[in-house]
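Asker: Here is what each chain is made of, one letter per residue.
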Amino acid sequence: MVNGKRLLVIIPALNEAGSIADVVREVRGELPGVDVLVVDDGSTDRTSAVAAAAGARVARLPYNLGVGGAMRLGYRYAYEHDYDVAVQIDADGQHDPRYVPKLVDLLDDYDLVIGARFAGEGEYAVRGPRRWAMGMLSMVLSGLSGTTLTDTTSGFRAGNRRMIEMFAQWYPAEYLGDTVETLVHTARRGYRIQQVPVAMRRRMAGTPSHSPAKAMVYLGRALAVLTLALIRR
Amino acid sequence: MKLTLVTGLTGLVLLATIVELLRRRQLREKYGMLWLGLLFVIIPLSLFPRLLDGVADRLGVASGVSLVLFLGIVFLLLVCIHLSWEVSALEEETRTLAEEVALIRAEFEADRAERAELVSRDG
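Protein sequence lines correspond, in order, to chains A and C. Per the numbering used here, the first sequence runs over residues 373 to 605. Per the numbering used here, the second sequence runs over residues 16 to 138.
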C-alpha cells in the first residue's frame, strides 16, 4: 500500500540471477506492504528461484518473449488481481525504488508517470547517434503528449488503473515497443503523461551495450519504430 | 520436347507429394487446395507451353513461357507475404498462450505455498 492504493511492482527479468534478489529485497525494504512480481522472461539461470526466495511473486514465461511480452504479462497479473497502481522497475538495479512514492503521488492527476534521467537529477549522459535518437524521440513524444518528456526510453514507470487495463490487453512485444510505442499509443489516446526526474544508478550486474555501430543501428530502429507507431491505428 | 517432359514430370511429382501430404494429414486443407489448384493450371501449361502465347501476345509479352515465369514469381511472392502474415498471427497466439501459462502457473504456485503454510501451521 502506498497512499492507500494497492500497488504492484513489476520487474521483468531475463537471466538476472546475479542481481534480482538484491533488487527485490531493496524494493520490499523501501516500500513495505507493496507486492513485487518478477516476470521471468524465459531465463535459463536461477532467476525465478532466487526471486521467489527473496520474497517476490514469480510468473515464469515458458520461453523468451522480450521485455514487451514480459510487461504485458505483468499488467495482466495486475489487472486480474485488481491492483490500483502498477510500477515497472528494471531488474538490473538501475532504478532506485525510493522514487516510487514520488511517481505514485502524481497518479492522482496523471495516468502514466515516467521516471526520467537527464531531467536534472543524477549524471547519466549519452553521446552520438544514441543521443540524437533520444533527442528525436523526446521531441516527437513531447509534442504528442503536450508535456516535456526527456527520457522516452526509460523503463521506470508508474501507471494507474486505466493504464493497467490498457496495457493488460495491448502491449507491443517488439524491440523498443515496450517504451517508445507504448508512449505513442498512450499519448494519442488522450491519457495524461508526466515525468519525474530521477537519478539512475549503475547496474548491479551485466554489461551495458555501447558501440558506435550499435548506436547507429539503435537510431535506425528508433526511427522505424516511431514512424510505424505514428502510422498505426 | 525435352523441356515439356521435364516440367511435366516435375509437376506430377509435386502433385503426388501434395496429395500424399494431404492424405497423411501433414498439410492443412486450406493450403493443400491452394497448391493443388495451382498444379492443375501448371501441368497442362507445361505440356502445352504454347497455350498462353495468345494472351502473352495481347499483353506485349514475348512468349507464353515468360508470362508463366513472371506470374509464377508474383504468385510465390504473394504466398510468402501470406505466410509471414500467418506466422505473425501465430506468434501473437503463442505469446498469449505463454502469458496464460505463466499466469496459471504463478496462481498454482501461490496456492500451493499457501496450502503448505496452512498445513505446517495446523500440523
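One or more of the hints may lead you astray.
What the hints assert, rightly or not - Restricting the straight-line Cα-Cα distance to at most 25 Å, the calculated cross-link-like pairs of lysine to any residue (SDA-like) are:
#1 377/A <-> 60/C
#2 45/C <-> 96/C
#3 377/A <-> 481/A
#4 474/A <-> 451/A
#5 586/A <-> 538/A
#6 377/A <-> 81/C
#7 377/A <-> 506/A
#8 586/A <-> 474/A
#9 17/C <-> 122/C
#10 377/A <-> 125/C
#11 377/A <-> 121/C
#12 377/A <-> 96/C
#13 45/C <-> 66/C
#14 474/A <-> 436/A
#15 586/A <-> 481/A
Derived by calculation from the structure, the hints in this document are not laboratory data. Remember, it's a predicted structure, so these values are computed and weren't measured experimentally.
Asker: Decide, hint by hint, whether the structure agrees.
Answerer: Comparing the hints with the structure gives:
1. 377/A <-> 60/C: 72 Å, violated
2. 45/C <-> 96/C: 16 Å, holds
3. 377/A <-> 481/A: 15 Å, holds
4. 474/A <-> 451/A: 22 Å, holds
5. 586/A <-> 538/A: 32 Å, violated
6. 377/A <-> 81/C: Between residue 377/A and residue 81/C the Cα gap is close to 70 Å, so the pair fails against 25 Å, i.e. violated.
7. 377/A <-> 506/A: 33 Å, violated
8. 586/A <-> 474/A: Violated - the C-alpha atoms of residue 474/A and residue 586/A are around 34 Å apart, more than 25 Å.
9. 17/C <-> 122/C: Violated, at roughly 67 Å.
10. 377/A <-> 125/C: The hint holds at about 22 Å.
11. 377/A <-> 121/C: 23 Å, holds
12. 377/A <-> 96/C: 48 Å, violated
13. 45/C <-> 66/C: 28 Å, violated
14. 474/A <-> 436/A: 32 Å, violated
15. 586/A <-> 481/A: Violated, at roughly 38 Å.
In this structure, the earlier hints numbered 1, 5, 6, 7, 8, 9, 12, 13, 14, 15 are contradicted, and the remaining ones agree with it.
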